[in-house]
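**Q** Residue numbers (our numbering), protein chains in the order written: chain A, 16 to 691; chain B, 2 to 314; chain C, -9 to 285.
Hints were generated in silico from the structure; no laboratory data involved. Please note that a few of the clues may not be correct.
Simulated restraints, written as ranges between beta carbons of each label pair [unchecked claim]:
hint, chain 1, residue 1, chain 2, residue 2, range
1, C, 6, B, 123, 23 to 31 Å
2, B, 123, A, 77, 21 to 29 Å
3, B, 56, C, 119, 24 to 32 Å
4, B, 127, A, 77, 28 to 36 Å
5, A, 647, B, 56, 53 to 61 Å
6, B, 305, A, 425, 33 to 41 Å
Where a beta carbon is used, it is the ideal one built from N, C-alpha and C, also for glycine.
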Amino acid sequence: MSNNLIEIRNLSVSFPSEAGVVQAVRDVSLDIRAGEVLGIVGESGSGKTVMSLAMIRLLARTASISGSIIHDGVDLLQLTDDAMSKYRGKEISMIFQDPLSALNPVHTIGHQIIEVLQIHSEMNKNDALKRAIELLEIVGIPRPAERAQSYPHEFSGGMRQRVMIALAIANRPKVILADEPTTALDVTVQAQILDLLKTARDMTGAAVVLVTHDLGVVAGLADRVAIMYAGKIVEVGPVEEVFAQPAMPYTIGLLRSIPRIDTVGSSRLTSISGAPVSPINLPEGCAFEARCPAASDVCTVKTPELVSLSPTRMTACVRQGEIFALQDAGKLFQTGPVHVAPETTSDEVTLEVRGLKKTFPLMKGVLLRRRTGSVYAVDGVDLVLRRGRSLALVGESGCGKTTTLIEILNMVAPESGTISILGRNVAELSRSERLGMRKDLQIVFQDPFASLDPRLPIGDAIAEPLGNFGMSKADQEKRVRELLELVGLNQSQASKYPNEFSGGQRQRIAIARALALNPQIVALDEPVSALDVSVRAGVLNLLAELQEKLNLSYLFVSHDLAVVQHVADDIAVMYLGSIVESGPVRDVFAHPKHPYTQALLSAVPIPDPKIERTRTRIILQGELPSPANPPSGCRFHNRCHVRSTLSPELAEKCSAVRPEMLKIGTGAVACHAPLK
Amino acid sequence: MVIIASTLGYVLSSLAFNPRSNYEGGNPPIPESTIIAKLDSLGVNPDVPIVKRYATWVGNVVTGDFGLTIGEKSVNDEFSRRIWVSLRLLLLGSVLGSVLGVALGVFSAVRQYGIGDRASSVASFVFLSMPVFLVAILLKYGAISFNQKIGTTFFYTIGESSADFSGGGLELFVNRLQHLMLPTLSITLGGIAFYSRYQRNAMLDVLGSDFIRTAKAKGLTNRQSLFRHGLRVAILPMATFFAYSFGLLVTGAPFTESIFAWNGMGQWFITAVQSNDVNSVSAVIVFSAVLVLLSGLLADIVVAALDPRVRLR
Amino acid sequence: MNASSETVEKRLTRMALVRKRFARNKLAVAGLVILVAMFVLAFVGPFFGKHSWDSLDFFNLLQPPSREHFFGTSQIGGDVYALTLRGLQKSLIIGILVAIFSTGLAAIAGGFAGFYGGKVDRSVMWIIDALLVLPSFLIIAVMSPWFRGRTWLIFVVLLAAFGWMITARIIRSATMSLRERDFVRAAIYMGIPARKIVFRHLLPNVASILIIDATLNVGGTILSETGLSYLGFGVQPPDVSLGSLIAEGTASALTYPWLFMFAGAALVLTVLAVSFVGDGLRDAFDPGSAMGKKL
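Chain A extracted, bound-state conformation:
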């Protein structure tokens, strides 16, 4: 076909490693059509990033590559590196995941854009500078002429990603490769960047290859989608069709297992058993076979080829015909319990925070360090957590939710305000009482790879708190086995080291350790956001089960509203150090009262192209202001999309008077003009 910009044929990429050869990409063929947005979706290790790097030939030298990548009649894989550099940044450009490290720290932004212009043309310095400023303006950098003189560290993450986009579109390329371009960003900034990518596509007419793990992002932006698993494309086709009726069991499971923000309450999370396979020494047959509910004997011997399912779609599954014909293919997978708020809500308060404040000194000076100001990390937070319920503390990075959590866990008198755990004010605790209190409040951290000591067998790690509180060795042993059983792990695994477990398993171990002392409250700090999409559901279902069984109170800290929607009963939304809205999840999500809550909810992509493309989204201006220098009045007023619709008097009030939390309906909101 002539409108294929890039034709990938039989591409395989492998790397040598200690454990064996990593087959990152296995015999992939794919076309990229002019002007389209192609989403490539996969979990970590699926080969999606390696494939995009292969297209621009930026793989490590140790990689061995075979197959061909034809662009404009030229096989890019046959070019020398120097010849390939004529294509990079001119024909094919790339946007990377981490904007913080992708720019050179010692050159100005302007210099770095000028460089990409001059390397591919004879443009003189002045014209290049002019064009660079123009580009910065296009990508939405305020005061571009001035900002061109700045260095990368003076830009926020979102702004740096805008600069990366400016670099990518500078020479009007034919293809833009975007590797997880918004993963490192907050959800409201993500919405801005996705919007900008759309603009960039429309302006340059370039094809965009969007590599991501987030099906919601693909649903909103992509025309076609390719799903990757263990180095192979397992399904490819138009976004609407694939999302509406997936044909490969992996795709089916993936679509059912992700928590969605738009289906309040009643939905069950499908969980795919097991963890993604590592692409080392893959056996014959379908790589998904071990996790597939529809697997048959033939799957272990025959590696399925990607074959046409319909004129527009291709699938790699031996049983695709049968599965495609199923009316409700989702029933293939197990589903977890429906999370319902306990009917008889106990009124017993297990954790209460009132007027919590925490400031950090801002130090300046190299020789004589002195305090020049304060960072208002937490500035007036109230929380109430009741027995057997889950309270979600939600906000973007830098809003102070982690600081709040740490203040609670420290169990010492805060700078200002009170923290009461199980009815006791922590400020009044003696040393030994505080130690005793630690039994009742435990934590599960975000990253299961960091939360377990790599040098302790997991049994010892779980037993550590027990020994600390004086339990005998034999009892410890018994309790450890009990706990492993409780979180769905095998008792015989107690003597293994953390590196022998997958991410999902490690998180279960961390949960077991947190439960060892029979706590009444468990703080969950983003417990699934570091996990692969397909194993999240399993951990979330486990948490829900445990809560019911042990009558636990969860304090759930998260930035992921879709997850919150599935596990929490109550929610508190934080912005720049204070709570702006709180109430039951169901009510807050259905009818947000604070404009920020509304914008936050609207920024979460929904993994359903029909809904995602038709709904109106609120895209906030700017980014989170620095908590060292918070705006006057309502802290949200300078980004508020509602304020411009208000009367001048009210708008004035927003910037002058800080709103108090007022009870409205079932919840409370801090806004002068709450939404109806």
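Position chains B and C against the provided structure of chain A, taking the given hints into account.
**A** Only chains B and C this time, still in chain A's reference frame:
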């Protein structure tokens, strides 16, 4: 820091040395009263409390007087004569060492695993494993046999310049250069080895970083991204190493100077320790502390000039 | 829920992996072989010589190497073979002792400074900075008249006291980043006391750094020790070290090369072997580290 170093230097040497031994055992024996008088005039009489001696010494140093050597010469004179001898050696050695070392390191990093890289790596390892004195001795005897082979003295192995030399202008310069070559080389070789290792590692580190990948994605060739983006960032940590290595050089100088018979600070230090000369030793320690401190300051300034992230703070 | 069936790649245990990587590094293996040979030579070698290091053979002065005296004899008839081995012994023992002391000191100082932060950290860092700026070489030299005639262990203590700072800095920054790791925070929130956290969680996790640095410190120490001894400020007569042997031999090195050649070669080989081994260990423990990319 200088204050601590000088205090420690003075106090320790006062406690450890026995200046009296210089006068004892003479023939005929020097009268006790004469010895005491001498020691008093030098300010090193061990019978005077250490605090008092130290106070006197500090008082003099602050006014710019380092006292007298054990041979009753002015430390200041000795100091000003020797300082240029040492600085000539140290500055030239460290500048050459760092510049050549950085260049070699970059070369190695660019040709990673090439023959040149491997050769320079092994050579650096060997030189880093050799104490300065061994390098100097080998150079010295290598040069002597070289001179014997070609039949004329090309390398001079003793002193800063020939004592009986009377020429001027260019000839004097050449003569000095011939003297300078070997001592400088003995310092420089170690420096090259040191810097090339670190520069190579820093370079390889930077080469793996994201912004180099960005530079390549922009269409720069390997070489262009290396020199335009890699070098500039990789050279930053070298400025800090410079400060540390200057400290190392200060310790290397005594060997080089004594082996090549240069009358510099290092050689003075050795003879001073041997002759229990408190005042001279303290002066040398002050000198080296100041030197290290200055090079540290210089490194900070250079880093601030090169790195915009530091500049802001 | 069937999580226990999650398939996980069977991995090599960590030590096996380290051993495998080390064995692949030819220079490191060669270094290890040389090092072992040096030890054997230093401690077993003397039994094969015909003379002891402190006996003098007045009939053979300044003789070149022969079957009687493997490495020749000195001006006063000392057996250079025995002397060199004796010096090698002393240098190796001092190197190892100092490396153990200084690395241990570094681990404790760095570990606690990194864990506690704040005031503890600032005061430890202040001491480190002060000691780094001080010309330690000169100060040890200054103190040499004082420990002359006393046990050489004082010399070891001095070398260790001035040799721990850089390692301590590395340990400190490593523990500081470990401290932010969730498993340490989890331990804190479980009420585990600080001392236990440092020894149970932090130091074992920087063990690789400690092993590497201890190895490299052996080389560094041997260099400073021989340097000081060369100038007469280190190991004191009648005892000998490689440094003092080289110093004695240099005066007549051109005419009687055996006087210092063997000591010099032993010194360079030992230090070279140590640095190859240390480097190989670094590569093996942490192939991705900044310093891990040597050679």
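**Q** Is the distance from the Cβ of residue 56 of chain B to the Cβ of residue 119 of chain C consistent with 24 to 32 Å?
**A** Holds, since residue 56 of chain B and residue 119 of chain C (Cβ atoms, about 26 Å apart) stay within the stated range.
**Q** Does the beta carbon distance between residue 305 of chain B and residue 425 of chain A stay inside 33 to 41 Å, or does it fall outside?
**A** holds, 37 Å
**Q** Is 21 to 29 Å a correct range for the gap between the Cβ atoms of residue 123 of chain B and residue 77 of chain A?
**A** Holds, at about 23 Å.
**Q** Do residue 6 of chain C and residue 123 of chain B keep their Cβ atoms within the hinted range of 23 to 31 Å?
**A** Once the Cβ atoms are compared, 29 Å apart, the range 23 to 31 Å for residue 123 of chain B and residue 6 of chain C holds.
**Q** Take the C-beta atom of residue 127 of chain B and the C-beta atom of residue 77 of chain A, compute their distance, and say whether it sits inside 28 to 36 Å.
**A** The hint (28 to 36 Å, Cβ to Cβ) holds, given that residue 127 of chain B and residue 77 of chain A are roughly 29 Å apart.
**Q** Using the Cβ atoms, figure out if residue 647 of chain A sits within 53 to 61 Å of residue 56 of chain B.
**A** Between residue 647 of chain A and residue 56 of chain B, where Cβ atoms are some 59 Å apart, the hint holds.
Consistency note: the structure conflicts with none of the earlier hints.
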